[in-house]
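Student: Residues per chain are reported as follows:
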Amino acid sequence: MKAGIVVFPGTNRERDMEQALRLVSGKAPTMLWHRDTSLPDLDLIVLPGGFSFGDYLRSGAMGAHSPILREVRAFAERGGYVLGVCNGFQILTEAQLLPGALLRNAGMRFLSQDGFLRVETQDTAFTRDWAKGDVFRAPLAHGDGNYTASEAELDRLEGEDRVAFRYVCAQGTLDAANRLSNPNGSQRSIAGILSANKRVCGLMPHPENLVDPDLGATDGVPLFSGLVKSLVA
Amino acid sequence: MKIRVNVMLKEGVLDPQGKAIGHALEVLGFANVGEVRVGKTMELEIATDDREKALAQGEAMARELLANLVIEDFAVEVVG
Amino acid sequence: MKIRVNVMLKEGVLDPQGKAIGHALEVLGFANVGEVRVGKTMELEIATDDREKALAQGEAMARELLANLVIEDFAVEVVG
Amino acid sequence: MSMIVNAELAARFGLSAEEYQKVLDIMGRVPSLTELGIFSVMWSEHCSYKSSRVHLKTLPTTAPWVIHGPGENAGVVDIGDGLAAVFKMESHNHPSFIEPYQGAATGVGGILRDVFTMGARPVANLNALRFGDPSLPVTQRVIDGVVRGIGGYGNCVGVPTVGGEINFHPAYNGNPLVNAMTVGIARQDRIFLSAAAGIGNPVVYVGSKTGRDGIHGATMSSAEFDEHAASKRPTVQVGDPFTEKLLIEACLELMATDAIVAIQDMGAAGLTSSAVEMAGKGGVGIELDLDKVPQRETGMTAYEMMLSESQERMLMVLKPERTDVARAIFEKWDLDFAIVGVLTDTAHITVKHLGKTEADIPLAPLADEAPLYHRPMTHAEKPGRLGTVADPAGVEHALLTLLACPDLASRAWVWNQYDSGVGGQTARRPGAADAAIVRVEGTKRGLAMTTDCTPRYCQADPHAGGAQAVAEAWRNITATGALPLAVTDNLNFGNPEKPEIMGQFADAIKGMGEACRALDFPVVSGNVSLYNQTSHPSGLSQPILPTPAIGAIGVIDDVSKAIGLGMPEHCELVLIGEIRGELGQSLWLREICHREDGAPPVIDLHAERRNGDFVRKMIGEGRVEACHDIADGGLLVTVAEMVMASGVGCHLDKPHYGTSLHAFYFGEDQACYVIATKHAAALIDAAEKAHVPVRHLGRTGGDALVLTDGMSLSAERMRKVNAEFFPKLMER
Ligand SMILES: Nc1ncnc2c1ncn2[C@@H]1O[C@H](COP(=O)(O)OP(=O)(O)O)[C@@H](O)[C@H]1O
Ligand SMILES: [Mg+2]
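Residue numbers (the numbering used here), protein chains in the order written: chain V, 1 to 233; chain D, 234 to 313; chain C, 314 to 393; chain W, 394 to 1125.
Be a bit skeptical, because a hint or two may be false.
Straight-line alpha carbon distances no greater than 25 Å define the calculated DSS-like cross-link-like pairs of lysine-lysine that follow [unchecked claim]:
| hint | chain 1 | residue 1 | chain 2 | residue 2 |
| --- | --- | --- | --- | --- |
| 1 | C | K366 | D | K243 |
| 2 | C | K315 | C | K353 |
| 3 | W | K674 | W | K712 |
| 4 | W | K954 | W | K1071 |
| 5 | C | K353 | D | K252 |
| 6 | D | K286 | C | K323 |
| 7 | V | K27 | W | K1121 |
| 8 | W | K685 | W | K775 |
| 9 | W | K602 | D | K235 |
| 10 | W | K415 | W | K674 |
| 11 | W | K674 | C | K323 |
| 12 | W | K443 | W | K1047 |
| 13 | W | K415 | W | K837 |
| 14 | W | K712 | W | K745 |
| 15 | C | K353 | C | K366 |
| 16 | V | K132 | V | K229 |
| 17 | C | K315 | D | K243 |
| 18 | D | K252 | C | K315 |
| 19 | W | K685 | W | K712 |
| 20 | V | K2 | V | K229 |
| 21 | V | K198 | V | K2 |
| 22 | W | K1047 | W | K1071 |
| 23 | W | K1071 | W | K1082 |
| 24 | D | K252 | D | K286 |
| 25 | D | K235 | C | K366 |
| 26 | C | K315 | C | K366 |
| 27 | C | K323 | D | K243 |
| 28 | D | K252 | W | K1121 |
| 29 | W | K602 | W | K749 |
Facing chain C, from chain V, some residues (calculated, C-beta under 7 Å) [stated by the list, open to error]:
| hint | residue |
| --- | --- |
| 30 | G54 |
| 31 | Y56 |
| 32 | M62 |
| 33 | V168 |
| 34 | C169 |
Bear in mind the hints are in silico, worked out from the structure with no lab data behind them.
C-beta: ideal position from N, C-alpha, C; glycine also.
Bound-form chain V, shown alone (with noise of 0.2 Å):
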């Protein structure tokens, strides 16, 4: 699997995504520069998290303003894989490459904490390694993760099985309004969706921060071996 990951001035989990992509698919990632406006043959792009452009005006709105964009955008219409995590799926809203945004977190707080995302649909690269319904843990780093759109815009992601995670408690439990299940108060506890084609996913949470059994958990590892699989061709 070619993987690249975009730096955007203010990035700062883009060591963090080097490391599990290198630990999980045994290749090490190429990093891509906010500027840059061509890309090298790539099977995944990944936006990673971080504070782009210090997440000044809005979170993730100047980096989609970014040279790169562009290429990202050609490369998600020609079919491509992205993954955009926290800044990285802020960025791929205000992009408009997934619908609705991410506003500041019910509690006006920054949150960093354990969270507990449960797999909502299994036939896409992101989840194929998981069972539909699993709950596994993710950390929660971020301030504005509290996902929002119109109601129909919910109602066709859910029709269209493009919801990928959703928060809920440590026990499993779904529970939109509470914030022990629900941390940031993300409508209808959406954690990360899918694009209209599955090839282009967004989540808040770090599964990148927990793929190494030195440091305690490996339940973000799925994500990265499921993307191997479905990419290395």
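Following the hints, complete the assembly by docking chains D, C and W with the ligands onto the known chain V.
Tutor: Quick look at chains D, C and W with the ligands alone, frame taken from chain V:
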């Protein structure tokens, strides 16, 4: 010429910041406060003397960058 | 009655956000943009019909909570 | 204010009459305003350490693993594999009271720069915080702003905040403490220092533009705080973590080349102290052309530019032929880059602005003749040992009260606002172990880090308190299995012109020094913050509790072997160390009996060393499943914290140790650890052979903390009580 671009969340989009401020004001004893909405104000110096041009440019900048039209509305005015 | 409280950083206080927005607009091709300053706008519904009272309350709320007077200035107006 | 230079203006700038006379002698004329500004900040307490230097000199600062001790921007120690840990702690107390968010945020920014200026990538932040009475609205405002500010800055720059400490006491009502610590990792062969060299080499300014921020911040932080603070209020410095992040990446990119001769961050007193220190250390002259300085505002004077404390700026001396390489890197990262001066052979600092020489000061006397005081001291009488105190409450009530009290309540509300995982190397997050652990990227090694100080002990007995702070830091690192390496300190005290404060200061340093020597734990960097004192309209002046905060690091060879608090089932609990039931100055005494008296616990550095070395050895041999030292709240709180961490309960044996039950459970005896082990017999045997006091304490299992007298508290119940304080206080 200076313009001001005001960006507010659309009617119907939940405004957690506004809600939090409303609650805090109530705790402080301001009992008669109803809905609170929070937005951003941007003041931009534009090198032009033409009001219409400045407004049109403000509108273009808002559409392209300053506002996210999925969730926000905006208004542009000349302030100086 | 609805009031609007506008809160801006004081003259001379660094505005990192404004700086970043100015830079982004330049990259987007808006070459004639000078200084950009960013502030907050709050629209508050106040249960009173008295303009003066509404303004005075807006001022009080700004002093107590809405503005940080160490680094910010504010202005209150009635908008509806 | 009138800006005519005379003794009166000098006094307003914080220079005493004698100090001003010295300035006149050095200059041989009346200095210009800019020159007076330079003298006043360089001779401020903050920059010159004029009250503290004679005492700091007594601290041990060397060891075979110390690469750079005090005197550089941060301390540097060998951590193996050709790598070094670079770390320091620094205060931002006064700014954090005036504007808590920005004060704390810029505090984090400042200490980060001290670390990456030496060539290290920052890998962890910690913070030591002291707040006033939590029931006061002003305290809540300060907590809210400080916590948001630390998170706002650290989260954005992408350095995980992995640890720290928080205490409350009314003595901090008007003067909270915000001490921030950064740990970085560098290659030993790529450490950058600040001594300038090479006459004719260009002096380069990079980072943000200069504005009128925080002028005279250095002198302000050296002045006692009073109700006129508002009028002294300079323009508050606003931090820009985004620019700092770019500055980190750009500097590290440049540091991978061979372009840099010397580099220095612009901290307190900005351009003045960075230029003076670089030239002074290198024994060269420096000429600055202020017209070249990137400026954010128009019409700034030389005085304003030299004293500005605008954030996110660095000064470097480059090899002339490499300036283009450097410029390209900073342009890539959208940062200002300007050649603002040159090194000269004049041994003077010369400052030019708009065709005029605004300052021309000989550097040697500016440094050598800086004031140095042996301030008078008095030593308060130490409180006597506490006699027996009856138990008015019972064990269960006391335990629940302690778990809920501000000084012991869960800090999760705080650390959940700090990104503790960014970087992908965090092995033990806040709350998981006695010290935080961050893996050294690309290796199996981990760095353990902690900050510690118990101000109520220091108030009662500064000497014992200073030693205890060092011992506790050492113990916390030991409890994870790591080997403690070195210390940074942040000495927060009141007004040094008051003999009783100066006595506290000297005694605390004495205690620290003894502990550092006994534990092979040298001090490699630090910071002094004096004048932490609030004067009231009544004329009364309230100093803070003496607070010598200790930051420390250690190293563990295999990060997967590090030990935390959470214990599995089917373990035996073993107590290492001797419990005599020390209730003097304990939290039990304060929270249950509402008394703050008696002597603090005895510090036995020999026992400390022996017990700690034994515990570390047992962890290294794989005989330990969980470990937690005894500190605030005593044994029962220690055990309760272990139960809450894992959700696994335990039964404790019947105590029969010749002290009353409550003293046994809640005494804050030092040099003690609770260990969960699956090899109890072997461990107890090994301890006895090593003459380490050891007792069987109980066994793990179930989901409750159970005592033989029938008390049974579930992990859930204790967690609930423990978790309530911060959310209840802050989320109303
Ligand atoms: N209490 C202390 N103990 C040991 N070293 C100290 C102490 N206080 C300051 N130092 C050392 O003195 C030097 C100057 O400190 P400081 O002025 O705070 O540095 P900076 O200018 O980088 O902020 C540093 O090397 C620092 O580590
Ligand atoms: Mg420094």
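Student: Of the hints given before, which are not true for this structure?
Tutor: 1, 6, 7, 8, 11, 12, 13, 24, 25, 27, 33 and 34
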